[in-house]
Each structure stands twice: as C-alpha cells, then as structure tokens.
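Model the full structure from these sequences, guided by the hints.
Top line first, the protein sequences correspond to chains A and B. Residue 1 is where the first sequence starts when you use this note's numbering, and the numbers rise one by one after that. Residue 1 is where the second sequence starts when you use this note's numbering, and the numbers rise one by one after that.
Treat the hints as calculated values from the structure; they're not laboratory data. Please read all numbers here as calculations on a predicted model, not as lab measurements. Some clues are possibly wrong.
Listed below are the simulated BS3-like cross-link pairs for lysine-lysine, each with C-alpha atoms no more than 30 Å apart in a straight line [said to hold, decoys possible]:
id: 1; chain 1: A; residue 1: K40; chain 2: A; residue 2: K52
id: 2; chain 1: B; residue 1: K96; chain 2: A; residue 2: K36
id: 3; chain 1: A; residue 1: K52; chain 2: B; residue 2: K58
id: 4; chain 1: B; residue 1: K96; chain 2: A; residue 2: K67
id: 5; chain 1: B; residue 1: K22; chain 2: A; residue 2: K41
id: 6; chain 1: A; residue 1: K67; chain 2: A; residue 2: K9
id: 7; chain 1: B; residue 1: K22; chain 2: A; residue 2: K40
id: 8; chain 1: A; residue 1: K44; chain 2: B; residue 2: K49
id: 9; chain 1: A; residue 1: K22; chain 2: A; residue 2: K52
id: 10; chain 1: B; residue 1: K77; chain 2: A; residue 2: K22
id: 11; chain 1: A; residue 1: K71; chain 2: A; residue 2: K22
id: 12; chain 1: A; residue 1: K19; chain 2: A; residue 2: K9
id: 13; chain 1: A; residue 1: K71; chain 2: B; residue 2: K22
id: 14; chain 1: B; residue 1: K96; chain 2: B; residue 2: K58
id: 15; chain 1: A; residue 1: K41; chain 2: B; residue 2: K77
id: 16; chain 1: B; residue 1: K69; chain 2: A; residue 2: K41
id: 17; chain 1: B; residue 1: K49; chain 2: B; residue 2: K77
id: 18; chain 1: A; residue 1: K19; chain 2: A; residue 2: K44
id: 19; chain 1: A; residue 1: K9; chain 2: A; residue 2: K40
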Amino acid sequence: DTAVSQTPKYLVTQMGNDKSIKCEQNLGHDTMYWYKQDSKKFLKIMFSYNNKELIINETVPNRFSPKSPDKAHLNLHINSLELGDSAVYFCASSQGGYQPQHFGDGTRLSIL
Amino acid sequence: AQSVAQPEDQVNVAEGNPLTVKCTYSVSGNPYLFWYVQYPNRGLQFLLKYITGDNLVKGSYGFEAEFNKSQTSFHLKKPSALVSDSALYFCAVTLKTGNQFYFGTGTSLTVIP
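In structure tokens, the structure reads:
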C-alpha cells in the first residue's frame, strides 16, 4: 500500500483556471504538509497542518489554500493559476514535531 | 532566521570510494537535522536524523552523518559508494515544534562506475 498518495500525478491546465490536488496518507499521522519544488529542485514548505493548527508560509500567495476533510487527507486548492505556479507539488505527512516526513511522489503542474 | 546550506550543487565520486555530502545550518535553538534522498520522478525518502545524543547517526542504505555543533554542520557520509546511490540529497532542519522545515538546495550525487 502506498503510504502517501497524491492525485493527479500530472496536471496540465491553462492560466486563470482553478485546480485541486488531492493527498491521502494511510500512516495514521497527525500532521500533513505541502511543498513546492521548482525547476531548480529547490524545495519550499507551503503549509503544515494538524487538527489543531495551520501554519502558512508567509510567502505563499493566498490563491493557495489547504483543505482537510479529515485527518488522513489534505488537499491543495489553487485559484487563478499563473505561469509561475508551474512546479512539482509534494504532499508529506509525519507524526508531528521533529519526526521524519513521508512524501508522496508529487504532482507535476504545468500551466499553459 | 533558520537556514540550511549545501555548498555543493554536484558531487562526483568513483564507485567504491567514500562519499561526503556537506550540510551546514543556522538556527536559533537546538536543531533537529535530517537527510533525505530523492530519485528521479519520486518523492523524498528519509535517510537519517539527529535529534540528540550520539553525534554520529546511522541511517538507511549504509549512510551515516556526523553532527558537529561547533561547526554547525551535519555532513552525510558513506564508506563505499554504489552506483545506485546516485540521486539528489537534501539536508533539512527544524526546531522542536516541527511546524517549519527548512531544506537545503540539494546536492546531486553521481557515482561513477
């Protein structure tokens, strides 16, 4: 069984559209994360979330919003997509604090 | 501000030779340090971590890392490199809350047969 799964794996869409990426973890972890990896492979945390607290990286545009229907899911909604949003987005989960994170295999978002 | 530096974008090493991938950090407080590996078209995989205790930590696939507080470093090492170790390696640091993880810029390791 895949521990952290993301769908879709590839997402190609036009500028201005709204899209969502889904993430599910079956590890029983209580904290989930979203990361953005750019074309130079730089990795930046966007959000960390558990059932108590959402931590938002202040550099993330408010067009990006995480939504968690339950403890095992953290979806990423993106409004009004821009060319600069093209990247690979990774979901991850952990037991929180300083425990290691488990990553999904990423969603490759391409904006036309 | 917390930060992690990986001074080498690329490291090449011959198969069978020892390898080192460098990492230095800057945090206000006690650091919790990690190494992850990323293979092409895959997510990051956890290799090892330093939380407290022994400065030399051992991890997956024969990797180890040494925490050096005075030099604020956490270099990744392996005594004998394999071609299959070729990948992108990331160092990361967090504080106890774990709400913010800071990753280095990554080091691409190539092991030459």
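Hint-by-hint comparison with the structure:
1. A:K40 with A:K52: With a Cα-Cα distance of about 33 Å, the restraint between K40 of chain A and K52 of chain A is violated, given a limit of 30 Å.
2. B:K96 with A:K36: Answer holds: K96 of chain B to K36 of chain A is near 23 Å, not above 30 Å.
3. A:K52 with B:K58: With Cα atoms ~33 Å apart, K52 of chain A and K58 of chain B exceed 30 Å; violated.
4. B:K96 with A:K67: Judged against 30 Å, a Cα distance of about 25 Å means the pair holds.
5. B:K22 with A:K41: holds, 17 Å
6. A:K67 with A:K9: holds, 19 Å
7. B:K22 with A:K40: With a Cα-Cα distance of about 19 Å, the restraint between K22 of chain B and K40 of chain A holds, given a limit of 30 Å.
8. A:K44 with B:K49: Within the cut-off at roughly 19 Å; holds.
9. A:K22 with A:K52: It holds: about 20 Å lies between the C-alpha atoms, which stays within 30 Å.
10. B:K77 with A:K22: Violated - the C-alpha atoms of K22 of chain A and K77 of chain B are around 36 Å apart, more than 30 Å.
11. A:K71 with A:K22: Between K71 of chain A and K22 of chain A the Cα gap is close to 13 Å, so the pair holds against 30 Å.
12. A:K19 with A:K9: Holds. K19 of chain A to K9 of chain A sits at ~13 Å (cutoff 30 Å).
13. A:K71 with B:K22: Violated. K71 of chain A to K22 of chain B sits at ~36 Å, over the 30 Å cutoff.
14. B:K96 with B:K58: holds, 21 Å
15. A:K41 with B:K77: holds, 22 Å
16. B:K69 with A:K41: Given pair K69 of chain B, K41 of chain A holds - Cα atoms ~28 Å apart, limit 30 Å.
17. B:K49 with B:K77: holds, 13 Å
18. A:K19 with A:K44: At roughly 20 Å apart (the allowed maximum being 30 Å), K44 of chain A and K19 of chain A satisfy the hint.
19. A:K9 with A:K40: holds, 19 Å
Checked against the numbered hints given earlier, the structure breaks hints 1, 3, 10 and 13 and satisfies all the rest.
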